[in-house]
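Using the sequences and the hints, build the whole thing.
Spelled out from the first residue to the last, the chains are:
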Amino acid sequence: NAGVTQTPKFRVLKTGQSMTLLCAQDMNHEYMYWYRQDPGMGLRLIHYSVGEGTTAKGEVPDGYNVSRLKKQNFLLGLESAAPSQTSVYFCASSDQTGGTDTQYFGPGTRLTVL
Amino acid sequence: GENVEQHPSTLSVQEGDSAVIKCTYSDSASNYFPWYKQELGKRPQLIIDIRSNVGEKKDQRIAVTLNKTAKHFSLHITETQPEDSAVYFCAAGRYSSASKIIFGSGTRLSIRP
Numbered sequence: 019n020a021g022v023t024q025t026p027k028f029r030v031l032k033t034g035q036s037m038t039l040l041c042a043q044d045m046n047h048e049y050m051y052w053y054r055q056d057p058g059m060g061l062r063l064i065h066y067s068v069g070e071g072t073t074a075k076g077e078v079p080d081g082y083n084v085s086r087l088k089k090q091n092f093l094l095g096l097e098s099a100a101p102s103q104t105s106v107y108f109c110a111s112s113d114q115t116g117g118t119d120t121q122y123f124g125p126g127t128r129l130t131v132l
Numbered sequence: 362g363e364n365v366e367q368h369p370s371t372l373s374v375q376e377g378d379s380a381v382i383k384c385t386y387s388d389s390a391s392n393y394f395p396w397y398k399q400e401l402g403k404r405p406q407l408i409i410d411i412r413s414n415v416g417e418k419k420d421q422r423i424a425v426t427l428n429k430t431a432k433h434f435s436l437h438i439t440e441t442q443p444e445d446s447a448v449y450f451c452a453a454g455r456y457s458s459a460s461k462i463i464f465g466s467g468t469r470l471s472i473r474p
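Chains A and B, in that order, are what the protein sequence lines are. According to my numbering, the first sequence holds residues 19 to 132 in order. According to my numbering, the second sequence holds residues 362 to 474 in order.
Honestly, the hints are just simulated from the structure, not real lab data. The hints are all genuine.
Beta-carbon label-pair distances, calculated as ranges:
{"no.": "1", "chain 1": "B", "residue 1": "K403", "chain 2": "A", "residue 2": "A100", "range": "21 to 29 Å"}
{"no.": "2", "chain 1": "A", "residue 1": "G34", "chain 2": "B", "residue 2": "S471", "range": "38 to 46 Å"}
{"no.": "3", "chain 1": "B", "residue 1": "E444", "chain 2": "A", "residue 2": "D113", "range": "22 to 30 Å"}
{"no.": "4", "chain 1": "B", "residue 1": "R412", "chain 2": "A", "residue 2": "D44", "range": "21 to 29 Å"}
Note that the Cβ used here is the ideal one computed from N, Cα and C, for glycine as well.
Next up, the structure:
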């Protein structure tokens, strides 16, 4: 049981390049989330999904797209990277059944945009 | 929009002493208040949470209190130990509403030996 995993762990991009971050969970959770973490700003929600085939915007969605084609995977895409997107990206999943709303986080992806 | 304010941003306490971190929230409909701990270079992990139908919850050395009228909640860590050194995040949201969980900006807690 690996929990939540993220690929890659580190990435350096040039301005204008594109990339996709992959999040996978093996806990059969319905909800999945993408956050970015910047110094002194906590965790800010980018996009989230409440089930396979559904996605919705969070607090800071501009410049990002997501897809949830399979229940266990949640992809975050940057079509044209900008230096302002330099951050640590965390994926999380949760299961609202059983009276708990705990979010389980992945190990993070450190992205630098030059 | 809704926001969560967290204080202090940094906190240093002597090993064995208590630490208190405070948060206030703006959305009066919030009914779920989790606290996450993030060790250096690691992922955030839930340490305790509280629902709005209770005023206090305790788990060994950590406790959380909630004042819904004043819209603030606090994390209390007693008998602090070196392994308590980390960044702590509070959050407030509506239970089972993924888009409505807002995180505070974090408190870096350091335990002095």
